[in-house]
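A.B. asks: Which chain is which? The protein sequence lines are A and B, in order.
Going by the numbering used here, the first residue of the first sequence is number 1, and it counts up by one from there.
Going by the numbering used here, the first residue of the second sequence is number 1001, and it counts up by one from there.
Calculated directly from the structure, the hints in this document are not laboratory data.
Where is the CB? At the ideal position from N, CA and C, for every residue including glycine.
Take the hints with a grain of salt, since some may be wrong.
[Unchecked claim] Result set (SDA-like, lysine to any residue): computed pairs, CA atoms no more than 20 Å apart in a straight line:
#  : chain 1 : residue 1 : chain 2 : residue 2
1  : A       : K163      : B       : Y1061
2  : A       : K163      : A       : N135
3  : A       : K223      : B       : K1013
4  : A       : K164      : B       : E1077
5  : B       : K1043     : B       : A1009
6  : B       : K1043     : A       : D213
7  : B       : K1013     : A       : S26
8  : A       : K263      : B       : K1013
9  : A       : K223      : A       : D258
10 : A       : K263      : B       : D1064
11 : A       : K22       : A       : L252
12 : B       : K1013     : A       : G27
13 : B       : K1043     : A       : N37
14 : B       : K1013     : A       : Q266
15 : B       : K1043     : A       : Q219
16 : B       : K1046     : B       : M1081
17 : B       : K1043     : A       : D220
18 : A       : K148      : A       : K164
19 : A       : K163      : B       : M1081
20 : A       : K49       : A       : C341
21 : B       : K1013     : A       : A318
22 : B       : K1043     : A       : A215
23 : A       : K263      : B       : F1014
24 : B       : K1046     : A       : T216
25 : A       : K223      : B       : F1029
26 : B       : K1030     : A       : A304
27 : B       : K1046     : A       : D220
28 : A       : K263      : B       : Y1061
29 : B       : K1013     : A       : L24
30 : B       : K1043     : A       : G27
31 : A       : K263      : B       : M1081
32 : A       : K49       : A       : D220
33 : A       : K263      : B       : A1009
[As the list claims (entries may be wrong)] Just a sample of chain A residues kept apart from chain B, beta carbon distances all over 10 Å, derived:
#  : residue
34 : L87
35 : T97
36 : H124
37 : Q162
38 : L217
Residues per chain are reported as follows:
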Amino acid sequence: MTSLKKQGNQLASSAFQLEVLKTLPSGTPSFATTLSNHEISSISPLETKILQLNLGYMCNQTCKHCHVDAGPDRKEIMTREVMNDVLSVLREHSFQTLDLTGGAPEMNPDFRWFVEQASQLVPHIIVRCNLTIINANPKYYDLPEFFKQHNINVVSSLPFYQKKRTDRQRGNGVFDRSIDALQRLNGVGYGTNDSNLQLDLVYNPMGAFLPGDQATLEQDFKKELQETFDISFNNLLVITNLPISRFLEFLLASGNYDTYMTKLVQAFNPAAAAGVMCRDTLSVGWDGALYDCDFNQMLELPVATTSSRNIRDFDAEALLNRRIVTANHCYGCTAGAGSSCGGQTA
Amino acid sequence: MKKTYYDPADLAKFGDIAEYQKPLADSFFKYYGEVFQDGALSKREKSLIALAVAHAIQCPYCIDAYTTDGLEKGASEEQMMEAVHVAAAIRGGASLVHATQMMSKVDEVSM
Ligand code: SF4
Ligand code: SF4
């Protein structure tokens, strides 16, 4: 499987995705209309607590649902120059968390250098590790040790505690290799009772349906992974699939687009709208461009400020006064118990 | 009348039954909602029971709805298939247990 971009699929174009998303099943209100029906004039930003960096779209996997359209054929990568711009901002402003994502962020050649620098400037660093990178190549075998050395919070996708469902979404053999990687992480102390090394897993539905209750799924995952593979972890973060990029392609190709959008819209929850992650998270693209979230980054919807659109021009006040850019894909964040990079929100 | 008896789009129109008789529909949907809340049985257990019953009564709407619902509740494929086997076992067993009636009748009319 290759990325939509490599295939020349028209859904690789963010403009085309936004056009598709404008069309909702008949009688379905747009996201903006739903907000105003609930007397929410707009989603307003709070002070930025989390800076999420996309270190590049290159990945060793090509998962079917990937909202980044990542894969081995993607070449976009954050340079050391942009990383230096980020470090300057970290020196001048305090954030609670630096969240490193991709692609596989570890494939960026400056990943380790950057983590070493950043870990002196910010108290909490998340690495969104896809697990299979750990055993993809001998040069990555020591990643668990490296994460431990820098007290990284490892957050890893495992769509289900069974092989069939996981491999269907993430590729053949991914489940077995993810289990091996989790055992290696447990081996250095991650996710175990006697350490503070935090290992969180991410669940997302393997198709056109909404996720269930986070606490119940966490119990299932803990029981099944412990009993079958002797694996432990801290929290399960439950995420809804947003209708963009490769998941949007799946929805359209399988004829599930209308049903899924209707489901998201019918499940609109004002409490989840109040807790959307773009309020206190800012996304930085591989080229330094600023976005309200990683999804807006993929849709190439930049932050609505004129003065602070790149990390090198970071202006906390201008960003605090911006309007968050929303469209119909945002229904994915506000359905049911809500969804964010930190799991359910309501 | 449409050319087929069943149309997946009709499932979404279930609520429309209130157009002809609102108070009864309202009572039914309220009761329905309460039945599926967590109680002595969890929401997922109830969803799997609903899936089994859907197969026993062979309702395509309910099979559609409770397959998705089972997935949403985190049920595995094995759990969903075992639920259907429960329905099949009870349906099959219900036929077979009546064989005792047939056997009694054979005794009754035989010399
Ligand atoms: S979902 Fe994650 S692991 Fe899968 S292709 Fe996308 S970035 Fe890579
Ligand atoms: S998609 Fe992005 S902008 Fe829209 S609600 Fe979710 S986090 Fe906010």
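A.B. asks: Could you run down the list of hints and mark each one as holding or not?
C.D. replies: Hint by hint, here is what the structure shows:
1. Only pairs whose Cα atoms come within 20 Å are accepted, and K163(A) paired with Y1061(B) is rejected, the gap being roughly 29 Å.
2. For the proposed pair K163(A) and N135(A), the alpha carbon gap of about 17 Å is at most 20 Å, so the pair holds.
3. For the hint pairing K223(A) with K1013(B), the CA-to-CA distance comes to about 39 Å; that exceeds 20 Å, so the pair is violated.
4. For the given pair, K164(A) sits about 10 Å from E1077(B) by alpha-carbon distance, which is consistent with the 20 Å threshold.
5. Proximity of K1043(B) to A1009(B) is assessed by CA-CA distance (about 25 Å); at most 20 Å being required, the pair is judged violated.
6. Straight-line distance between C-alpha atoms of K1043(B) and D213(A) comes to about 10 Å, which keeps the hinted pair within the 20 Å bound.
7. Distance restraint check for K1013(B) and S26(A): the Cα-Cα separation of roughly 14 Å lies within the 20 Å cut-off, and the hinted pair is therefore satisfied.
8. In summary, the hint linking K263(A) to K1013(B) is supported, as the alpha carbons are separated by about 14 Å, within the 20 Å threshold.
9. A hinted pair counts as satisfied when its Cα atoms are at most 20 Å apart, and K223(A) with D258(A) does not qualify at roughly 35 Å.
10. For the proposed pair K263(A) and D1064(B), the alpha carbon gap of about 14 Å is at most 20 Å, so the pair holds.
11. For the hint linking K22(A) to L252(A), the alpha-carbon distance of about 14 Å falls within 20 Å, and the restraint holds.
12. Restraint check: the Cα-Cα separation between K1013(B) and G27(A) comes to about 14 Å, which is no more than 20 Å; the hinted pair holds.
13. Under the criterion of a C-alpha separation no larger than 20 Å, the hint pairing K1043(B) with N37(A) is inconsistent with the structure, at around 30 Å.
14. The suggested pairing of K1013(B) with Q266(A) holds, with an alpha-carbon distance near 14 Å, which does not exceed 20 Å.
15. With a CA separation close to 14 Å, the supplied pair K1043(B) and Q219(A) stays within the 20 Å bound.
16. The hinted pair formed by K1046(B) and M1081(B) meets the criterion: a straight-line CA distance of about 15 Å does not exceed 20 Å.
17. As the CA atoms of K1043(B) and D220(A) are separated by approximately 14 Å, the hinted pair is consistent with the 20 Å bound.
18. At roughly 31 Å between alpha-carbon atoms, K148(A) and K164(A) are farther apart than 20 Å, so this suggested pair is violated.
19. In summary, the hint linking K163(A) to M1081(B) is supported, as the alpha carbons are separated by about 17 Å, within the 20 Å threshold.
20. Distance check on the hinted pair: K49(A) and C341(A) sit about 13 Å apart at the alpha-carbon level, within 20 Å; holds.
21. Distance hint between K1013(B) and A318(A) is unfulfilled; the C-alpha atoms sit about 47 Å from each other, more than 20 Å.
22. A C-alpha spacing of about 13 Å is found between K1043(B) and A215(A), which places the hinted pair at or below 20 Å, so the restraint holds.
23. Among the hinted pairs, K263(A) with F1014(B) is consistent with the structure: their alpha-carbon atoms are about 15 Å apart, no more than 20 Å.
24. Between K1046(B) and T216(A), the direct Cα distance comes to roughly 14 Å. Compliance with the 20 Å bound is thereby established for this hinted pair.
25. Annotation: proposed proximity of K223(A) to F1029(B) is violated, straight-line Cα distance about 35 Å (limit 20 Å).
26. Of the supplied pair hints, the one linking K1030(B) and A304(A) is violated, its CA atoms being roughly 44 Å apart against a limit of 20 Å.
27. Between K1046(B) and D220(A) the CA atoms are separated by roughly 17 Å; this keeps the pair inside 20 Å, and the hint holds.
28. Between K263(A) and Y1061(B), the direct Cα distance comes to roughly 16 Å. Compliance with the 20 Å bound is thereby established for this hinted pair.
29. For the given pair, K1013(B) sits about 18 Å from L24(A) by alpha-carbon distance, which is consistent with the 20 Å threshold.
30. At most 20 Å may separate the alpha-carbon atoms for a hinted pair to count; K1043(B) and G27(A) exceed this at roughly 31 Å.
31. A distance of roughly 25 Å separates the Cα atoms of K263(A) and M1081(B); the hinted pair therefore is violated under the 20 Å criterion.
32. Note on K49(A) and D220(A): the hinted pairing is violated, with a Cα-Cα distance of about 31 Å set against a maximum of 20 Å.
33. Restraint check for K263(A) and A1009(B): satisfied, since their Cα atoms lie roughly 13 Å apart, inside the 20 Å limit.
34. The non-interface label for L87(A) is consistent with chain B: the shortest C-beta to C-beta separation is roughly 41 Å, beyond 10 Å.
35. The beta carbon of T97(A) is kept farther than 10 Å from every beta carbon of chain B, the shortest such distance being approximately 28 Å.
36. At roughly 29 Å from the closest C-beta of chain B, the C-beta of H124(A) stays outside 10 Å, upholding its exclusion from the interface.
37. The claim that Q162(A) is not at the interface with chain B is violated, since a C-beta of that chain comes within 10 Å of its own (minimum 6 Å).
38. Distance check for L217(A) against chain B: the nearest CB is about 5 Å away, which does not clear 10 Å, and the non-interface claim fails.
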